[in-house]
Every structure is written in structure tokens, then in C-alpha cells.
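Let the hints inform the model, and build the full structure from the sequences given.
Number of protein chains: 2
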Amino acid sequence: MINGHRDVSARTRKLVEEIVVREGYVRPGSIVAKGVVRRGTMVELIINEVDNAWAAEILGGVERVLREHGAQVVLTAVHSTREPDDDWLDLMVRRGSRGVILVYSDLTSSQRAALSSRSVPFVVVDPVGSPVSDVHTVTATNWHGGLAATQHLLSLGHRRIGVIGGPENSPCSNARIAGYRSALRLAGVATDSALVRHGDFGYEQGRLQTDALLDLPVPPTAIFAANDLQALGAYEALRDRRLHIPEDISVVGFDDVPFAAWTSPPLTTVKQPLRRMGVLAAQTLVCLMRGEQVESPRTRMATNLVVRGSTSVAKSASRAEGA
Amino acid sequence: MINGHRDVSARTRKLVEEIVVREGYVRPGSIVAKGVVRRGTMVELIINEVDNAWAAEILGGVERVLREHGAQVVLTAVHSTREPDDDWLDLMVRRGSRGVILVYSDLTSSQRAALSSRSVPFVVVDPVGSPVSDVHTVTATNWHGGLAATQHLLSLGHRRIGVIGGPENSPCSNARIAGYRSALRLAGVATDSALVRHGDFGYEQGRLQTDALLDLPVPPTAIFAANDLQALGAYEALRDRRLHIPEDISVVGFDDVPFAAWTSPPLTTVKQPLRRMGVLAAQTLVCLMRGEQVESPRTRMATNLVVRGSTSVAKSASRAEGA
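Sequences listed follow chains A and B, in order. For the first sequence, position 241 matches number 266 in my numbering, and the numbering has no gaps at all. For the second sequence, position 123 matches number 148 in my numbering, and the numbering has no gaps at all.
Worth flagging that the hints you see were computed from the coordinates, not collected in a lab. Hints should not be assumed to be uniformly reliable.
Since the list gives no way to pick one copy over another, a pair counts as held whenever it fits inside one copy or between any two copies.
Stated by the list, open to error - Subject to a maximum C-alpha distance of 25 Å in a straight line, what follows is the list of computed DMTMM-like cross-link-like pairs (lysine to aspartate or glutamate): (1) Lys-340 to Asp-273; (2) Lys-340 to Asp-225; (3) Lys-296 to Glu-229; (4) Lys-296 to Glu-272; (5) Lys-340 to Glu-74; (6) Lys-340 to Asp-112; (7) Lys-296 to Glu-261; (8) Lys-340 to Asp-265; (9) Lys-296 to Asp-225.
Structure representation (C-alpha cells):
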């Protein structure tokens with residue numbers, strides 16, 4: 026499909042291609058800002074948190090591009106409030122900021138309208154609100170990533186697969202869970218709503234939701250955590266119960282932040298190109314700040330499964346093979 | 026000593042206490058900024074990199090305090106140049122920034138003089154340049170951390186201990202290596218300059234310098250990496266040679282970033298309170314911006330050794346005990 030892999034059924038390929046056409050997939054690197062903006066131009070970066078590996082990667086990409094263009098990042102972390110404070114708009118106008126990048130955060134509709142009326146462009150990485158048609162967004166192929174993670178587990182014989190999403194209203198999390206559901210449907214495996222849990226993308230919720238999955242009358246043989254930090258929380262919950270990964274239970278994450286390769290066992294996960302997403306968002310913003318046209322307002326960057334040591338053949342499947 | 030631990034010899038205690046007195050150790054939390062600065066006040070944060078776990082922790086602490094005070098972070102990453110560009114001062118004056126936090130970065134002497142003449146205060150976390158007497162700095166007890174890491178390895182019977190520092194001109198790295206040397210001297214173990222290597226605090230240099238140590242005619246039985254990322258590079262180099270941690274060789278890191286607990290094996294490391302260092306730097310700056318007195322210009326925050334799975338009894342020592 027997107028990467029031209031051959032190990033994808035024709036049916037899946039068609040399904041993915043339809044979605045890619047619908048969502049407007051753009052090959053990375055197709056938008057390159059060439060000119061310069063005035064040195065010292067201020068750009069607002071509004072991000073949910075600054076102190077985790079996911080944020081660090083995106084921040085690294087954004088900062089690199091803006092620095093190359095002589096622009097300056099003004100940083101606002103919104104934490105659980107999702108939107109900047111009421112007076113943010115006044116303050117950013119007073120400081121003369123010329124553009125805005127939102128990362129997993131949102132603006133109120135009046136803030137959006139005020140930016141539009143002042144011709145201050147903004148670009149959103151991983152939107153949290155409802156999609157707005159004319160807003161420039163950068164996300165990963167989350168649905169496809171959820172599909173790939175789940176198909177990997179299905180190919181190992183797992184049939185009872187738990188999933189731990191982010192918040193229930195998170196579009197990127199919901200797309201990953203939709204991919205999970207599609208994979209089960211394509212494989213003819215019935216879905217069980219008890220296996221679908223929601224966390225907050227944090228370590229602690231990964232631990233708690235894994236506990237809830239393990240307490241089910243028939244617990245899963247594999248868990249797909251919708252981000253790496255929750256997968257690490259799952260590791261902790263499994264360790265507490267003396268369950269071994271991957272012998273007793275398989276775990277797949279999402280993100281492929283640097284630590285994913287260093288965990289014990291190294292985490293099988295879906296890589297999303299976080300740094301390149303930050304780069305593309307900043308390049309898009311620079312284009313918009315210079316009044317240039319940007320081809321596709323909605324960009325999805327490819328994800329790909331990275332198989333490491335946290336997944337293996339399901340116990341039941343290996344017993345069946347042995348029988 | 027600082028934490029009142031009893032398992033420290035009287036001689037070491039005296040040595041540490043002398044240094045603490047000399048350097049002006051301040052108990053964390055002794056500086057608390059209570060009032061408010063004007064909302065939207067801009068503060069420049071100049072940091073070497075934004076995209077690693079170490080930076081994310083400090084950034085998280087700084088951001089929290091400045092947000093509480095209604096101040097806004099303007100972010101500049103200087104990367105290998107160490108100092109912001111020549112026009113940074115003009116631009117920050119034009120934007121009306123009222124304070125500066127430097128994290129493992131520096132200003133030119135003319136930039137420092139210009140800030141002083143404009144009464145713009147600045148606080149330095151982990152200075153990279155030569156110490157300047159009237160500058161407010163926040164660091165960890167790096168010397169003590171290097172001492173504790175090395176004494177831990179010595180207590181396990183290691184006598185040939187390699188160390189991988191940061192850049193040769195890095196004060197915090199040099200303090201850690203000085204602690205290492207002091208521990209050897211206190212234990213009556215001769216130092217060998219071939220065992221002291223310098224990297225750049227990056228993963229790749231951790232790998233390369235470990236290779237160099239293992240290629241010595243008599244390689245070390247333990248490695249003290251002066252930061253966790255280099256320790257992870259050491260893990261990779263050891264894995265490449267089919268050496269097991271800690272059975273074949275022990276590894277100690279420095280920082281205790283979140284991933285240190287998740288590595289395989291979990292990393293024994295020296296914890297420095299990175300987030301609280303960011304908090305204290307921002308609190309100090311807020312005090313200075315309000316014209317308040319800050320007791321001690323140079324603050325060292327306590328480090329402590331966290332023993333996990335990457336260190337064990339030296340092979341030679343266990344053989345000797347068995348004989």
C-alpha cells in the first residue's frame with residue numbers, strides 16, 4: 026500500500042487506498058519552504074505537554090525548521106486544559122506573533138476566527154477537536170497503524186486482543202482503534218467491547234487499563250497500546266503479576282519514541298515519524314506565513330510496524346500447532 | 026552527608042562537607058517566588074537541545090513555574106554553537122523579554138554585559154563556560170554523584186573502572202570525573218589515564234568510547250558513563266560483543282531520566298533532580314525579575330545513587346572470594 030509492501034491482501038490495500046485518497050495523503054518532503062521570513066519573527070507553539078519523549082521529538086522537528094528560517098518559538102504548554110488561556114490571543118497579538126502551530130491542543134472557535142480575521146495562519150499536528158475543513162493538519166496514518174499492529178498480532182495466532190486507546194474524544198486514538206476493529210473484521214474475528222479500554226496516553230493509565238484487561242473473565246493474550254508510554258505501563262502491570270512478555274502475553278505500542286528500542290524486551294511498535302511531522306508542520310506554516318499556496322490542507326504521514334521482542338506466537342496457537 | 030546517610034566514611038563526609046560549604050549548597054525549596062510578574066512577560070530560554078529526555082525534564086520544570094507566574098517562554102536551541110546568534114540580543118530587546126534562563130549554553134561576554142546594563146537578570150542551569158562570580162547558577166552535586174557512582178563500583182570489587190565523560194571543557198562532566206578520581210584515591214586505587222574517555226553526552230559517542238575502552242590491553246570490568254544516554258550507547262557496544270550486563274561488565278549512568286528504569290537491564294544511575302533544577306532556576310529568575318534578593322547565587326542540588334540491575338560483583342572479586 027503506501028509503502029508498496031506486498032504482504033497486504035488486495036482487500037486491505039483497496040480499503041487503505043480509499044482512505045488515503047479521502048484524507049489527502051501527501052508524500053513527505055513534497056512541501057519545502059525555500060524563501061526566508063523576517064529574522065526574529067515569532068511563532069506560537071501550543072502543545073499539550075513538553076516533558077515526554079513524544080513531545081520532544083515533535084518539538085525537535087519544529088524548532089529545527091523555524092531556526093533555519095530565523096523564526097523564534099514562543100512556547101505554551103496547555104496540559105489538560107487543551108486550549109490556551111482566554112488572554113492568550115491578546116498577548117500573542119501584542120507580542121506580534123505571525124503564526125501558530127498547535128500540537129495535540131486546540132483553539133476556541135472565537136480564537137480561530139480572530140486569527141483568520143488577522144490573517145495569522147495556523148497548522149495543527151494531531152488535532153484534538155472536531156475537524157474543520159480549511160485547517161491545515163499534519164497527522165500520521167493512525168488508522169493504518171492500528172490495522173498493521175492488529176494484523177501483526179492476528180498473524181501470530183492471537184484472537185483475543187485488548188486495546189488501550191487514549192482519551193475517548195481523541196481523533197488520533199480513535200483512528201488507531203478503528204484500524205484495530207477493521208483488522209479484526211477483515212480476519213473474521215468478533216470484536217468484544219470489554220477488550221476496548223481508554224486511558225490518557227500516560228504511563229499510569231497504561232498500567233491501570235492493563236490491570237482491568239487482565240481481570241476480565243477471559244483475559245486477552247495480546248495488548249495493543251495506542252502509545253508507547255501506555256505500553257510501558259502495561260509492561261509494569263504484567264511484571265507485577267509475574268507474567269512474561271512475550272511468552273505469556275504480547276504487547277504492541279505506537280509511536281516508536283527512542284526508548285522503545287531500549288525497553289526489556291524491546292517494544293514492538295508502530296512508528297510514526299514524529300520529528301518529520303514537526304518539520305512538515307513548520308514548513309507548511311512558513312509557506313502560509315509567506316502567503317504561498319499549500320497543496321493539501323490535510324497531510325497524513327506514513328506509519329510502519331517495527332517488530333522487536335514484545336510479540337510472539339499466541340500460547341493457544343502454539344498449543345494447537347503442537348497438538 | 027547531605028542526605029545524612031550513615032554508610033559514608035568520616036573522611037568522605039568531611040571532604041564532601043568542605044565542598045558543599047565552598048560551593049554554597051542550598052536545600053531545594055528554600056527559594057520560593059510568591060508574587061506575580063506581569064502576565065505575558067517574556068522569558069528567554071536558551072538550551073543546547075530540545076529533543077532528548079534530559080532537556081524534556083528541565084524544560085518541564087521551567088515551563089511549569091513560568092506558566093504559574095503568567096510568563097511566556099521564548100525558546101532558542103543553540104545546538105553545538107553553545108551561544109545564541111549575534112543578533113539574538115537585539116531581537117530579545119525588541120520583543121521586550123525581561124529575563125533569561127540558560128541551560129547548558131552560554132552567552133558571549135558582551136551579551137552578558139549588555140544584559141547587566143539593561144538590568145535583565147539571567148540564571149544558568151549547568152554552565153558550560155568558565156564560572157563568573159556574580160552569576161546565578163543551578164547545578165547538581167556532580168562531584169558527589171561521580172564519587173557515589175565510583176564508590177558503588179569499588180564496593181562491588183571493581184578496581185579497573187572506565188569513565189566516559191562529556192566534552193572535555195564541560196564543567197559538570199569534569200566535576201563527575203573529579204568525583205570518580207577522588208573515589209579511587211580514597212580507596213587507594215591507582216588511576217589510569219587510559220580509562221578516562223570523553224564523549225559528547227550522545228548515544229553514539231557512548232558506543233564508540235566503550236569500544237575504545239574494551240580495546241585496551243586490560244579492559245575495565247565496569248564503566249561509569251557520565252550521562253544515561255552514553256550509558257545506553259555503552260549497552261549497545263557491549264551487546265555487539267556478546268558481553269552481558271552486569272555478569273561480564275557493570276555499567277553506571279548519570280541523570281536518571283525516565284527511560285533509565287525501562288532499559289534492559291534497568292540502569293543503575295546517579296539521579297539528579299532535573300525537573301526540580303528547572304523549577305528552581307525559574308523561581309530564582311522570577312525573584313530576580315521582581316528585584317528581590319536571592320540568598321545564594323550558586324545552588325547545587327543533591328544527587329543520589331539509584332541501584333538497579335546493571336551493576337554486580339566484579340568477576341575477579343567473586344573468583345577471589347570463591348578461592
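Results of checking the hints against the structure:
| no. | hint | verdict |
| --- | --- | --- |
| 1 | Lys-340 to Asp-273 | within (7 Å within a copy, 33 Å between copies) |
| 2 | Lys-340 to Asp-225 | neither (30 Å within a copy, 45 Å between copies) |
| 3 | Lys-296 to Glu-229 | both (22 Å within a copy, 21 Å between copies) |
| 4 | Lys-296 to Glu-272 | within (23 Å within a copy, 33 Å between copies) |
| 5 | Lys-340 to Glu-74 | neither (39 Å within a copy, 45 Å between copies) |
| 6 | Lys-340 to Asp-112 | neither (56 Å within a copy, 63 Å between copies) |
| 7 | Lys-296 to Glu-261 | both (22 Å within a copy, 21 Å between copies) |
| 8 | Lys-340 to Asp-265 | within (20 Å within a copy, 31 Å between copies) |
| 9 | Lys-296 to Asp-225 | within (19 Å within a copy, 27 Å between copies) |
Hints 2, 5, 6, counting from the list given before, are not met by this structure.
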